[in-house]
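S.K.: Residue numbering for the sequence shown follows the UniProt record's numbering, beginning at 1 and increasing consecutively.
These aren't lab readings, by the way, just hints derived from the structure by calculation.
Heads up, some of the hints might be wrong.
Lysine-lysine pairs mimicking DSS-like chemistry, simulated, CA-CA at most 27 Å apart [stated by the list, open to error]:
hint : residue 1 : residue 2
1    : Lys62     : Lys74
2    : Lys51     : Lys62
3    : Lys38     : Lys73
4    : Lys11     : Lys67
5    : Lys67     : Lys81
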Amino acid sequence: MSGSDNYQGGKLFGQRREQQEARLDRVNVEVLEDEDFKEVEDLAEKLEAYKAFMGLKLMLEKLGQAKTHLEVKKMIGEVDKTNTGTISYREFIDMMLGPHTSVLKLILLFEEKAKSNADVPRGPPAKKSLDDLP
Numbered sequence: 001m002s003g004s005d006n007y008q009g010g011k012l013f014g015q016r017r018e019q020q021e022a023r024l025d026r027v028n029v030e031v032l033e034d035e036d037f038k039e040v041e042d043l044a045e046k047l048e049a050y051k052a053f054m055g056l057k058l059m060l061e062k063l064g065q066a067k068t069h070l071e072v073k074k075m076i077g078e079v080d081k082t083n084t085g086t087i088s089y090r091e092f093i094d095m096m097l098g099p100h101t102s103v104l105k106l107i108l109l110f111e112e113k114a115k116s117n118a119d120v121p122r123g124p125p126a127k128k129s130l131d132d133l134p
C-alpha cells in the first residue's frame, strides 16, 4: 500500500462520497439537457445509479459474456478511478468508449442481430411451383 492510498472510512469516506455525487450530478445535467435523450423514460433516476460487482456480473451474463468473480473484479479495477469498488455512469461510458471496447462490440452485435431477426418472415415458406424457378 503506497503512502497516498488511505482506505480509512469515516470523514474521509463521506467527503469522497460527496465529491462523487457532485461529479455524477454534473454528468447527469449534461445528459439530461442533451436533445438525444429527451424521450428516455426515468432517465434522471437511471443516471444516479452505480454498477456494483454483482450488477455488472449479471449484466455480462445477460449479454452472454459470463465472467468469473476475478475477471469482474479486474474489470472494475481497471475502470474504477475513485477506488470505490463500483462503476459510475461516467466510468461506464469511459469503459465502453475506451481501449477495452469488447463489451461495446458485443452489445452492438446483439442489437444488429435483433434488427436482422425482425425482418425475417415467420411461419412456413410459401408454396412454389415450377413456374417460379429462374
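S.K.: Can you name, in rising order, the numbers of the hints this structure does not satisfy?
M.R.: Hints 3, 4 are the ones this structure does not satisfy, whereas the remaining hints hold.
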